[in-house]
Amino acid sequence: MGGAIAAEIYLSYHAPQRLNLPFYNVLYPYVMFRPLESVVYETKETFAMSHFQSRAYVYTNEDGFRVPSPHYKLPREKPPGQLRIAFLGGSLVELASTFDTALPGSLRRLLRERYGGRDIEVINAGIQSCVSRQSIAQLLFTVVDYHPDIVILYDGGNDLGLPLTYESRANFPYNFQTMQEAWDLYRQERQQPLWRLALERSNLYRLLRARLHPGERKTIPTADAPLAGTNALPASRIIADPDYVRSHVAAYLGNWRKLIELSAAYNYQPVCILTPTAAFATEYAVVEQMKSTHMDRAAALEWLRAVQMLHSEASRQIAEMRGAYPDAVFIDLAHFLEPPEKYFWGGHVYDEANKVLAQRIYADIRPQVERSLREVQ
Amino acid sequence: MYYLWIKRQMGVVFLCRGCPAGPRQAVLYNWSLPKTQSRPWRAVGLYGGIVLVSLLAGLIAAEAYLAYHSAARMALPFYNRLYPYVMFRPYESYIYETRETSPMSHDKSRVFVYTNEDGFRVRSPGYKLPKEKPAGQLRIAVLGASQVELASTFATTLPGSLETVLRRQYPGRDIEVIDAGIQSCISRQSIVELEITVVDYHPDMVILYDGGNDLGLPLTYESRPNFPYNFQTMEEAWDLYREEHREPLWRMALRRSYLYRAIRARRDGGGRNVVPAADDPFAGTNAVSPERIVKDHDYVAGHVAAYLSNWRKLVELSRAYGYRPVCVLIPSSAGLDANYAVPAMMKWFHLDRETAFKWVRAFGVMYDEAGLQIERMRRAYPEAAFLNLAHDLTPPEQYFWDLAHIYDEANMIVAERIYRQIRPAIESAMDAEAPR
Chain A
213 MGGAIAAEIY
223 LSYHAPQRLN
233 LPFYNVLYPY
243 VMFRPLESVV
253 YETKETFAMS
263 HFQSRAYVYT
273 NEDGFRVPSP
283 HYKLPREKPP
293 GQLRIAFLGG
303 SLVELASTFD
313 TALPGSLRRL
323 LRERYGGRDI
333 EVINAGIQSC
343 VSRQSIAQLL
353 FTVVDYHPDI
363 VILYDGGNDL
373 GLPLTYESRA
383 NFPYNFQTMQ
393 EAWDLYRQER
403 QQPLWRLALE
413 RSNLYRLLRA
423 RLHPGERKTI
433 PTADAPLAGT
443 NALPASRIIA
453 DPDYVRSHVA
463 AYLGNWRKLI
473 ELSAAYNYQP
483 VCILTPTAAF
493 ATEYAVVEQM
503 KSTHMDRAAA
513 LEWLRAVQML
523 HSEASRQIAE
533 MRGAYPDAVF
543 IDLAHFLEPP
553 EKYFWGGHVY
563 DEANKVLAQR
573 IYADIRPQVE
583 RSLREVQ
Chain B
26 MYYLWIKRQM
36 GVVFLCRGCP
46 AGPRQAVLYN
56 WSLPKTQSRP
66 WRAVGLYGGI
76 VLVSLLAGLI
86 AAEAYLAYHS
96 AARMALPFYN
106 RLYPYVMFRP
116 YESYIYETRE
126 TSPMSHDKSR
136 VFVYTNEDGF
146 RVRSPGYKLP
156 KEKPAGQLRI
166 AVLGASQVEL
176 ASTFATTLPG
186 SLETVLRRQY
196 PGRDIEVIDA
206 GIQSCISRQS
216 IVELEITVVD
226 YHPDMVILYD
236 GGNDLGLPLT
246 YESRPNFPYN
256 FQTMEEAWDL
266 YREEHREPLW
276 RMALRRSYLY
286 RAIRARRDGG
296 GRNVVPAADD
306 PFAGTNAVSP
316 ERIVKDHDYV
326 AGHVAAYLSN
336 WRKLVELSRA
346 YGYRPVCVLI
356 PSSAGLDANY
366 AVPAMMKWFH
376 LDRETAFKWV
386 RAFGVMYDEA
396 GLQIERMRRA
406 YPEAAFLNLA
416 HDLTPPEQYF
426 WDLAHIYDEA
436 NMIVAERIYR
446 QIRPAIESAM
456 DAEAPR
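Residue numbers (the working numbering), protein chains in the order written: chain A, 213 to 589; chain B, 26 to 461.
Fair warning: there could be bad hints in the mix.
Derived CB-CB ranges, DEER-like [as the list claims (entries may be wrong)]:
{"#": "1", "chain 1": "A", "residue 1": "Asp-539", "chain 2": "B", "residue 2": "Glu-452", "range": "26 to 34 Å"}
{"#": "2", "chain 1": "A", "residue 1": "Ala-462", "chain 2": "B", "residue 2": "Gly-151", "range": "45 to 53 Å"}
{"#": "3", "chain 1": "A", "residue 1": "Ala-476", "chain 2": "B", "residue 2": "Glu-157", "range": "54 to 62 Å"}
{"#": "4", "chain 1": "B", "residue 1": "Leu-84", "chain 2": "A", "residue 2": "Gln-392", "range": "51 to 59 Å"}
{"#": "5", "chain 1": "A", "residue 1": "Leu-286", "chain 2": "B", "residue 2": "Pro-196", "range": "55 to 63 Å"}
{"#": "6", "chain 1": "A", "residue 1": "Arg-517", "chain 2": "B", "residue 2": "Glu-117", "range": "47 to 55 Å"}
{"#": "7", "chain 1": "A", "residue 1": "Leu-286", "chain 2": "B", "residue 2": "Asp-132", "range": "30 to 38 Å"}
{"#": "8", "chain 1": "B", "residue 1": "Pro-420", "chain 2": "A", "residue 2": "Gln-392", "range": "42 to 50 Å"}
{"#": "9", "chain 1": "B", "residue 1": "Ser-453", "chain 2": "A", "residue 2": "Asp-539", "range": "22 to 30 Å"}
{"#": "10", "chain 1": "B", "residue 1": "Glu-260", "chain 2": "A", "residue 2": "Glu-220", "range": "47 to 55 Å"}
{"#": "11", "chain 1": "A", "residue 1": "Asp-331", "chain 2": "B", "residue 2": "Pro-420", "range": "45 to 53 Å"}
{"#": "12", "chain 1": "B", "residue 1": "Asp-321", "chain 2": "A", "residue 2": "Val-568", "range": "47 to 55 Å"}
{"#": "13", "chain 1": "B", "residue 1": "Asp-393", "chain 2": "A", "residue 2": "Arg-572", "range": "53 to 61 Å"}
{"#": "14", "chain 1": "B", "residue 1": "Ala-92", "chain 2": "A", "residue 2": "Met-502", "range": "52 to 60 Å"}
The hints are simulated quantities; they were obtained by calculation from the structure and are not laboratory data.
Cβ atoms here follow ideal geometry from the backbone N, Cα and C, with glycine treated the same way.
Let the sequences and hints guide you as you build the complete structure.
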């Protein structure tokens, strides 16, 4: 008994530290998670995205959309004559120092300058960390209530990166396996007899079990395992398996198809954009990768090759899809922004780069914008 | 030290290898009665020990007695597996055959459940339900909860019964009815299931058969409209997990103790149970009281409007996916017939008579409001069929085996009634699909 207790204490002291999954939102049904509602959040410090020049000002409305100011009025009923564009996506849509420097805000500013005197609203419905299937759920249950004339789905970064980092099941949110684990643990703790719970928590038992079943996976990610998600795939597997790459990308682009299909029900013009990535600038990206994930150079290079493969396959499938959907707009920006000067971290660009992106997007969707402006008048 | 003390006090000698006196042979439990005159504190120790042991035994006896006499504790029922977006759905490619018979067949038949890779209930293991619809096939998908998913066999479920009715009516035609029911789900979940899974099967008609869970949830688990019944539990699980909060075992033991609960209940003077128990009618902390539902018309109107927004979604999505939309408010026994519902509520929810009456009234208010709003919606959506079957199965004891579920053979009656009301839509879909 004494020995078992001593072993328990020793093992718990030496056990690798548990990693926490980053989570910046609140759980929400169907979309799975979304930004907090009616939030006022102003930082005291400045941030990399503004080259450390500006603090961050975040305000959300009752649906979790980022808005220009606290209590900004964004009525669900669209005022007559207003052109309303909704922007869906992950952090690349939601984040920037201010509403105006985020991509939707930058597009709004550009359009208001270009069409002076017209009532133009661009909704920031971005949810950081989300994949495009989540954006579709957000569209169907929340965004369509705002009656947008144009819906822009700006994504790809999370969808294409997730198999390497957290989750290889197509269209599953990055935190879903953690949610399953949390749910199972919670139910277990309420249903299992106490002796079983004591056993499950014992480090000694865990060690013995690992010895007895060497193939069994760890359920709780720990600092000694480089991947936070147990459903992630090694880069080598992705590189060696073009079938997996094809089907993963097809599942991702299934959401572009959904955006177009739903436009028949909700009368908006669909625009799908593949986000810019720094992964093709290998020399820049490999250093970044080594820094952010503590990989050695060889591993980082392999990782980048996998990301490049996924992006190239996406570009290929997007080119193929164009013919099937002549009315939709597809924009492939994967190679649009050359690093390093526009990126500050991963796929995230500086505040001022959003302006460049807004100009580029406007150039491609100008006919749609002008058609909608005519229609709403 | 302890060794020496024991040895001196009780005359017990253990094997001791490292003692200064050298190794000794063990002489165990050489108990002798305390010499009360010479060492009074020894007697105090011993009698104290006896009192402690008796107390412990008393506690265990009380625990056992209370455990035996307490109402059963209700764990949150959960029959599915978590699934993103839909929130949960039936297990995939699953075979489940019971050994015993069940009340839905009047205890005549065992239960046979098989699902395909998307969790749809199918008639046999490995049944082929291709996503691409074969040419000339009329395909109908039925969405809903346990009233759609469950029955003794696929053929006796509502979708299976509807298929039988249609095949009898249109012999020689290829007709497939998909059972996409997910027990415990609400209609918002059905809409997600439709959007991310069912539309891939290209149905010509989609029937949303619901209302029971949507209208009952505010009383039982969850009053936030269109939130799944287990969402608050999921939030709690997620928060605890993220805080790495794992309750210490002693706290868990305490929480499970009946004695502790009894004492706490005395102290709180009737405060609400946080952990749902069968003696507490509310399983969910977000539930609202029946009094509130009866009094607060705005709440009821808002809740029902949120529920029926899913009917609107079904119609809206039909414009994108080209199916014919049919929405059905399911037959109910709760709230419509107090003679049947009150004893049934007392039995299933462990309510007292007075509370059961209040619940029945609250259910009645919800169903009446739903009926009113459905009538108003008809004009706005001429392309859809809206059926209100709430009052269709009377007397309830003839059709219902519990509050919300009907016998196997009653599904056939419902299928025939639905068919009679949507016959034009079925025949126009059939004409569109007719083999050329």
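Quick rundown of the hints versus the structure:
Taking the beta carbon of each, Asp-539/A and Glu-452/B are about 33 Å apart, inside 26 to 34 Å as hinted. Hint check: Ala-462/A to Gly-151/B, Cβ distance near 26 Å, so the stated range 45 to 53 Å is violated. Look at Ala-476/A against Glu-157/B: about 21 Å separates their beta carbons, and that is not inside 54 to 62 Å. A beta carbon spacing of about 38 Å between Leu-84/B and Gln-392/A contradicts the range 51 to 59 Å that was offered as a hint.
Judged by the Cβ atoms, the range 55 to 63 Å given for Leu-286/A and Pro-196/B holds: they are separated by roughly 57 Å. At roughly 33 Å, the beta carbons of Arg-517/A and Glu-117/B sit outside the given window of 47 to 55 Å. Against the hinted window of 30 to 38 Å, the Cβ-Cβ separation of Leu-286/A and Asp-132/B comes to about 57 Å, which falls outside the hint. Our hint of 42 to 50 Å for Pro-420/B and Gln-392/A holds, since their Cβ atoms are close to 44 Å apart.
Range check, Ser-453/B to Asp-539/A: Cβ separation about 28 Å, and the 22 to 30 Å hint holds. For Glu-260/B paired with Glu-220/A, a C-beta distance near 32 Å fails the hint of 47 to 55 Å. Between Asp-331/A and Pro-420/B the beta carbon distance is about 60 Å. The supplied range of 45 to 53 Å is therefore violated. Judged by the Cβ atoms, the range 47 to 55 Å given for Asp-321/B and Val-568/A holds: they are separated by roughly 53 Å.
For Asp-393/B and Arg-572/A, the hinted distance range of 53 to 61 Å is satisfied, since their beta carbons lie about 56 Å from each other. Distance hint check: the CB atoms of Ala-92/B and Met-502/A are about 59 Å apart, consistent with the given range 52 to 60 Å.
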